[in-house]
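Participant: Listed here are the chains, written in short residue letters.
There are 2 protein chains.
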Amino acid sequence: MAIIESVPNISEGIRTDVVARIADALGAVSGVRVLDVQSDATHNRSVLTLAGDAAGLRQAIPRLVSMTMEAVDLRTHRGEHPRLGAVDVVPFIPIEGATMADCVALARDIGKDVADRLGVPVYLYEEAAQRPDRRNLEDIRRGEFEGLAEKMAKPGWAPDFGPSQPHPSAGATVIGARMPLIAYNINLATNRLDVAKKIATAVRMSSGGLRFVKAMGLPLEDRGVVQVSMNLTNYEKTPIFRVFDLVQREAARYGVNVLESEIVGLVPQAALMQAAEYYLQLEGFSAQQVLENKLRE
Amino acid sequence: MAIIESVPNISEGIRTDVVARIADALGAVSGVRVLDVQSDATHNRSVLTLAGDAAGLRQAIPRLVSMTMEAVDLRTHRGEHPRLGAVDVVPFIPIEGATMADCVALARDIGKDVADRLGVPVYLYEEAAQRPDRRNLEDIRRGEFEGLAEKMAKPGWAPDFGPSQPHPSAGATVIGARMPLIAYNINLATNRLDVAKKIATAVRMSSGGLRFVKAMGLPLEDRGVVQVSMNLTNYEKTPIFRVFDLVQREAARYGVNVLESEIVGLVPQAALMQAAEYYLQLEGFSAQQVLENKLRE
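Protein sequences appear in the order of chains A and L.
FYI, the numbering used here numbers position 279 of the first sequence as 781, with every residue one higher than the one before it.
FYI, the numbering used here numbers position 158 of the second sequence as 660, with every residue one higher than the one before it.
Since the hints were made in silico from the structure, they are not lab data.
These numbers were taken from a predicted model, which means no experiment stands behind them.
By construction, the Cβ of each residue, glycine as well, lies at the ideal position given by its N, Cα and C atoms.
Where hints are given, some of them may not hold.
[Stated by the list, open to error] The calculated label-pair distances, taken between Cβ atoms and stated as ranges, are:
no.: 1; chain 1: L; residue 1: Gly-599; chain 2: A; residue 2: Asp-696; range: 28 to 36 angstroms
no.: 2; chain 1: A; residue 1: Gly-529; chain 2: L; residue 2: Asp-635; range: 52 to 60 angstroms
no.: 3; chain 1: A; residue 1: Pro-564; chain 2: L; residue 2: Lys-716; range: 53 to 61 angstroms
no.: 4; chain 1: A; residue 1: Gly-767; chain 2: L; residue 2: Gly-599; range: 20 to 28 angstroms
no.: 5; chain 1: L; residue 1: Ala-772; chain 2: A; residue 2: Leu-722; range: 50 to 58 angstroms
no.: 6; chain 1: L; residue 1: Glu-646; chain 2: A; residue 2: Lys-739; range: 50 to 58 angstroms
no.: 7; chain 1: L; residue 1: Ala-527; chain 2: A; residue 2: Glu-799; range: 46 to 54 angstroms
no.: 8; chain 1: A; residue 1: Glu-799; chain 2: L; residue 2: Gly-599; range: 17 to 25 angstroms
no.: 9; chain 1: L; residue 1: Gln-632; chain 2: A; residue 2: Lys-739; range: 40 to 48 angstroms
no.: 10; chain 1: A; residue 1: Glu-785; chain 2: L; residue 2: Pro-657; range: 29 to 37 angstroms
no.: 11; chain 1: A; residue 1: Asp-696; chain 2: L; residue 2: Arg-751; range: 34 to 42 angstroms
no.: 12; chain 1: A; residue 1: Leu-722; chain 2: L; residue 2: Gln-632; range: 23 to 31 angstroms
no.: 13; chain 1: A; residue 1: Gly-529; chain 2: L; residue 2: Gln-790; range: 17 to 25 angstroms
[Stated by the list, open to error] Which chain A residues face chain L? A few, computed with CB under 7 angstroms, are given here:
no.: 14; residue: Val-536
no.: 15; residue: Gln-561
no.: 16; residue: Val-727
no.: 17; residue: Leu-748
no.: 18; residue: Leu-768
no.: 19; residue: Pro-770
no.: 20; residue: Tyr-781
no.: 21; residue: Glu-785
no.: 22; residue: Gly-786
no.: 23; residue: Leu-793
[Claimed, not checked] Here are some chain A residues the structure puts well away from chain L; computed CB gaps all over 12 angstroms:
no.: 24; residue: Gln-540
no.: 25; residue: Met-569
no.: 26; residue: Arg-577
no.: 27; residue: Met-602
no.: 28; residue: Gly-658
no.: 29; residue: Asp-696
no.: 30; residue: Ala-704
no.: 31; residue: Glu-738
no.: 32; residue: Ala-772
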């Protein structure tokens, strides 16, 4: 059975009882599991991690949108994180036996369904985008809820599905398909913030680095060291090991060593297998050789 | 549910219909799956790979012993591989949620049961051994079936369970518990066999190297290169990455590069995760962060 991950971001991070009620309702859908719920009060936003088959997600996501629309009114919502809607963004991510094409189809199906039934405008993003200027979530979200009515009135900003005006209390929702995102940090054995910032500039796409890397340099004040904090947005095309090697090489330029690296949250097995294959120079290796995978065939 | 692997080696590798019938009977046991069957006609020996819970294996292994005893007569058996019994050796290997202690207990349980019910002497080996001179399979098997009656008459060679004389047609069976074995080869970018042999000598335990490495140097005639061919008998204590790094370092001593490495057959996920953690200097990583593991919790 093909498994797809979905990571809805909703604009409620303070009333955790509301979030728990929504998560419970999603977990009750056959074929869907709630893997994780993270609420941030400062951002006033929660991130739910679901996994399931297409049929289960087709049932769960409209339920999520409907429950969140009943509970959240963006006209009175305050939080640090930018947002366009009560349900802000819903990505679908291929995991096991599912392709990106499956996720694109599911995003468009569910997007249309949600817009038709619940009256919220839906924008399609990343791999599900129907025009190139909607691939990037930040471009769609720029102006936020408060600027949405004005933005939607401009040429080129009609939604992919649903009404041509914002939903009064729920704004708009961005739905799409993307690769799993890996939160990957490399800590450097130095307190020189300029070094972390220079390396971040060197490795990230926006300033000339690797295509699927977002990066910034940060101080870890309590430890007296600095960090290159990254998001890897496509580990198949920009693998972890290449990022690690490049950061290590750039750090050597400043006489600095890598102290350690860390993966925050979940990571696909394949992303780590790649690293083992690369460093061990493994030839002809297949995921079928992993005992645990074989056991579950 | 705790999953244990078992890899029975039986002394029949020519009559594949006999082996298939036995494999089918094991696969029919509830809670047991047959992952692989490899028959070698020159060795006249087959290796079956099973996975299951303890209850399933308690039913499957005596069935395997009984069916093999009916089909194989060691008095007329010829093959290149050393063997002591119709069912020659049955290791139990901890996989998921199972400990080595579970496997030791299972080996002793099943060993006693098989000896009592089927009248075949059973020796316990490796982690299940009850005396240090029975840890090593080769020591137990030395003399083979043909020398077994004489060996069993000597002091110190009474079996752990069962009759004090060989079974007339089925000899004796060696049952035990061990870590998963990883067949790991490193090919060198040279045709100098002496270099492969020197490196094998340096890295294997028997001549002063790493505790859980068996190694030999071989020519790969058709490719014009040489190979350090290894068995890693405990990847937790002697990890793959340390073996790779050591071979690479020793090869550099002779001005030789590592061409590639290969894993033959199955490998536990953890053995490759270790390598990723080591080379990426990953701190605080847990197997729970692997998305596929989380999905199956």
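Participant: Please verify that the nearest CB of chain L lies beyond 12 angstroms from Met-569 of chain A's CB.
Facilitator: Non-interface label stands for Met-569 of chain A: nearest chain L Cβ at 24 angstroms, farther than 12 angstroms.
Participant: Can Gly-786 of chain A be said to touch chain L, with a Cβ gap under 7 angstroms?
Facilitator: For Gly-786 of chain A, the interface hint holds, since the closest Cβ of chain L sits about 6 angstroms away, which is under 7 angstroms.
Participant: Mind checking the CB of Leu-768 of chain A against every CB in chain L and telling me if the closest is under 7 angstroms?
Facilitator: Result: holds, 5 angstroms to nearest chain L Cβ.
Participant: Go ahead and decide if the range 17 to 25 angstroms is satisfied by the Cβ distance of Glu-799 of chain A to Gly-599 of chain L.
Facilitator: Distance hint for Glu-799 of chain A, Gly-599 of chain L holds at roughly 19 angstroms.
Participant: Would you assess whether Glu-738 of chain A, listed as outside the interface, keeps its beta-carbon beyond 12 angstroms of every beta-carbon in chain L?
Facilitator: Since the minimum Cβ distance to chain L is about 14 angstroms, Glu-738 of chain A lies beyond 12 angstroms and the statement holds.
Participant: Evaluate the condition: distance from the CB of Ala-772 of chain A to the nearest CB of chain L exceeds 12 angstroms.
Facilitator: 9 angstroms, violated
Participant: Can we trust that Ala-704 of chain A is non-interface, i.e. its beta-carbon lies farther than 12 angstroms from all of chain L?
Facilitator: 19 angstroms, holds
Participant: Hey, does the Val-727 of chain A contact hint survive, CB to chain L under 7 angstroms?
Facilitator: With a closest approach of 12 angstroms, the Val-727 of chain A hint is violated.
Participant: Do the Cβ positions of Asp-696 of chain A and Arg-751 of chain L conform to the proposed distance bound of 34 to 42 angstroms?
Facilitator: 35 angstroms, holds
Participant: If you take the shortest Cβ to Cβ gap from Gln-561 of chain A to chain L, is it below 7 angstroms?
Facilitator: 19 angstroms, violated
Participant: Mind checking the hinted window 17 to 25 angstroms against the Cβ distance between Gly-529 of chain A and Gln-790 of chain L?
Facilitator: Holds, at about 19 angstroms.
Participant: Please check whether Leu-748 of chain A passes as an interface residue: C-beta within 7 angstroms of a C-beta belonging to chain L.
Facilitator: At about 13 angstroms, which exceeds the 7 angstroms cut-off, the nearest Cβ of chain L leaves the hint on Leu-748 of chain A violated.
Checked against the numbered hints above, the structure breaks hints 1, 5, 7, 9, 10, 12, 14, 15, 16, 17 and 32 and satisfies the rest.
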